[in-house]
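Residue numbers (this note's numbering), protein chains in the order written: chain A, 321 to 791; chain B, 1411 to 1743.
Read the hints as simulated data drawn from the structure, not as lab findings.
Incorrect hints may appear among the rest.
As the list claims (entries may be wrong) - Derived SDA-like pairs (lysine to any residue); straight-line CA-CA distance at most 20 Å:
no., chain 1, residue 1, chain 2, residue 2
1, B, Lys1590, B, Arg1552
2, B, Lys1442, A, Pro511
3, B, Lys1413, A, Gly415
4, B, Lys1578, A, Leu356
5, B, Lys1413, A, Trp566
6, B, Lys1578, A, Pro511
7, B, Lys1495, A, Leu430
8, B, Lys1442, A, Leu570
9, B, Lys1578, B, Ala1593
10, B, Lys1590, B, Val1522
11, B, Lys1495, B, Gln1450
12, B, Lys1665, B, Lys1690
Source: prediction; values computed, not measured.
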Amino acid sequence: MQTGVTAHHSVAGDQDDRALVAVFSAYIVSATLWLLFATGVGLLLAFKFGAPEFGSGAWLTFGRLRPIHANATFYGFASIVLVGLGYYVAARSSGTRLYSAKLAWIGLALFNLAAVAGTIALDIGYNDGDLEYREWPWPIRLIFLAALVVTAWNLIGTVARRTSEDIYLSNWYIIGGTLWTCIIAVVAVLPWYQYGLGQVAVSGFYMHNAVGMWFTPLALGIFYYALPKLLSRPIYSYALGVFAFWTNLLFYPIIGSHHFLFSPLPWWLQTTAIVFSVAMLVPVWGGSANYLLTMRGRTRDMVHSYPLMFIFVGVMGYLTGSTQGTLEAFRSLQEVWHLTNFTVGHSHLTMYGFVAFAVWGGVYALLPLATGKHAGTLGLAMHFWMALVGSFIYVISLSIGGTIQGLDWIHGLPFIQSVVDMQSYYVWRGVGGSLMFLSHIVFAWNVWRMCYGQGVEAQPLQALHGKEAVA
Amino acid sequence: MNKLLLVAGGSTLVYACLALMMGVLPGIELSKTPAGQGVQPLTALQAEGRDVYVANGCSYCHTQQVRPLGQDKVFGRPSMAGDFKYQTPELLGSERTGPDLTNIGVRQPSAVWQYIHLYNPRAVVPESIMPSFNWLFDVVARAPVGVAPVPLPKAYAPAQGVVVPTRKAEALIAYLASLKQPALSEADMAMGGQAMAGVAGPVTTGSASSAPATAAATPAAGYDAARGAALFTAHCAACHQADGEGLPGAFPPLKGNAAVNDDDAGKHIDVVLHGLSNTKVGGVVYSSAMPPFADTLGDAEIADIIDYERSSWGNHGKPVTPGQVVTARAAAK
Ligand code: HEM
Ligand code: HEM
């Protein structure tokens, strides 16, 4: 079953190799720029909670910058970096070259076009209805859809060229996620069933599927490739990975309405969502166990390998963030947490603690293999620790603050009291956010060194453990 | 190739079915939800205001959904399916950094307050962290005929000239004024019954104290000072301010106010119960409207607020009892 990961790219010629490396690097560089921009905006937003007049005027107003932040992190940073990694994993694990480098470049141009146009549109006041994560005006979302279609086509073409009968597990997740997301994008854009309460139902569906059927499967697919690569040992259980794939597919799409608990959406729809939110523990715990068991007994390597540490945090982020999500779906807990900052803590525990750490681990594990250039331990260490400590502060302060906020409301205090009580937690979020942002600058520097710099000799972990490498 | 077809095609087919089931079909079905009784489409100006609301992302901080939960009663009655008939795009929101606005047209009917607050929220609510929307206003040397300048407190007013709303600000405030929950019909209440299990009356909000029985139990002499202060902060301080001074030219002071210090509390009770507009207080005419609280607060709560006002900031009006509020309510019927 392990054919994919250990297959060498000797099948592909040198020129094809260079084309893949160029595509891969370009996606990572592009995503890095989006990360800097989007989290710079995020930091400004965080400051505004303490100093509402900081950055005034229409173009810097909170309500325009917030969707710019969320969409740029989602569709600028996370989407582009995942697709870049996806291409590399698909080609390498299939022992072949990209189906079409040209399509990959077209996709990259479309992703960027959409993200630039979407950002500008939001900033000058064209917001498609404040519907979370689909705020870009719909023609721009069609550009994004086109990028997805191009990507799906290219990924399938690449895997179709594989030399073995088997399709490596990573590609299931990467291709599946991309195709499903094409459907999500279509469902989100068509207007005919989106009036009033009907649109609320679609919003619930969309919000959760955007995170659960796009970022989640692609990030999981990256884990399945990067972990065996870094550890030179196969994934603990291939079958468990397949099982998690199908259960994830069956349960995740059903839970969207838990975003609207206690709303006028039909009660049965909400209850179904709650039940399947609990069922989500199956793929989440199954998948996480699979990763952790793959790492079993190799704690010492982890200490020597920042890529592994990033991935370990990513796995823990997936496990804790999703389990927290299940708790958030219970009515009893949602009475306290819904509509508070606890949700924002959850968003960042998952999108940051899980997705961002996963892709960083992937980039640090795979980009040096592609370019032959390493970033140096100091850079990796700085990125890792600032991002980790920063996001800890961010998530913990908002989780505590959000709980207090919810209890204030339940105790019937005047609303403004909950605003006052959040103040110190907002400050802490700003502190955590600043560290996170600094870590992104270091990441950019690392990416630069891996792509264009002199680079340190690549020293993948296999070298250290060559002797015990599994064929 | 076959395997690829199975993984990519098979899973996509499954997903398409689920998307249809959980996204599209509920969408189709719920899009047909008829309007509740009294739910009206917006006027052209209000709709324009709604666009301003969307363009500037108000709904990232303000929800428009009242849940059938105790803590949401301050925002109105629980939202019903029929309330959303004319709400596309939907603005339910996912976070309450600021208060829910479903019923803001009732909770804060004063356009003057809305303009001041929009220009700079801290002018009326010092602890607010809402951004200033002063760029929705013009500063002019003199207000055009027929347009009232926004009566900003000195500290927040521009050094030169007066502030007048732009068309966008006017539309936005017209939209906010339109956000009023219609009373529920019997049928609605029956329909919502399952969803609102455990929720008491429709519009009567506030804590359990709305029942006259509890009201009578409150000792006449000592009122609940802490609750009075909290209710004042929640319902009154936005206009009359925490120091009871009001805002010059916009909202009358309660400190030293004749009605508040009058031993006959009849007027004081009436104003809190039924609201007020265009009235002269202490020689100044205030054009802004004060909302009635008869429907939102219970008798004991109203008595607590009144007693808080009568005993704060150097006021020394004779305290009232919940019984007096009950009587005043009955008299108005
Ligand atoms: C089993 C897995 C998960 C469950 C059951 C779950 C559950 C929930 C629930 C109930 C909410 C709504 C909270 C509220 O509005 O009060 C929520 C919000 C959110 N979740 Fe998850 N979650 C899961 C995993 C994830 C993952 C993996 C991600 C990211 C990749 C994610 C990203 C988000 C985001 C961004 C929001 C905020 C959306 C909003 O603005 O309302 N979640 N989640
Ligand atoms: C320096 C790092 C970051 C900072 C300081 C930051 C800050 C913020 C702030 C202040 C908000 C608004 C919260 C509110 O409205 O109450 C926000 C929202 C959000 N951010 Fe970030 N962010 C950062 C990184 C990221 C990253 C990397 C992602 C995704 C990969 C992300 C995804 C989101 C999402 C999805 C929301 C909407 C949350 C919700 O609806 O619950 N953020 N962020």
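How the hints compare with the structure:
1. Lys1590/B to Arg1552/B: violated (34 Å)
2. Lys1442/B to Pro511/A: holds (13 Å)
3. Lys1413/B to Gly415/A: holds (17 Å)
4. Lys1578/B to Leu356/A: violated (33 Å)
5. Lys1413/B to Trp566/A: holds (15 Å)
6. Lys1578/B to Pro511/A: Since the Cα atoms of lysine 1578/B and proline 511/A sit roughly 27 Å apart, the hinted pair is violated (cutoff 20 Å).
7. Lys1495/B to Leu430/A: violated (36 Å)
8. Lys1442/B to Leu570/A: Measuring from Cα to Cα gives roughly 28 Å; hence the hint is violated.
9. Lys1578/B to Ala1593/B: Distance ~29 Å between lysine 1578/B and alanine 1593/B Cα, so the pair is violated.
10. Lys1590/B to Val1522/B: holds (18 Å)
11. Lys1495/B to Gln1450/B: holds (9 Å)
12. Lys1665/B to Lys1690/B: holds (16 Å)
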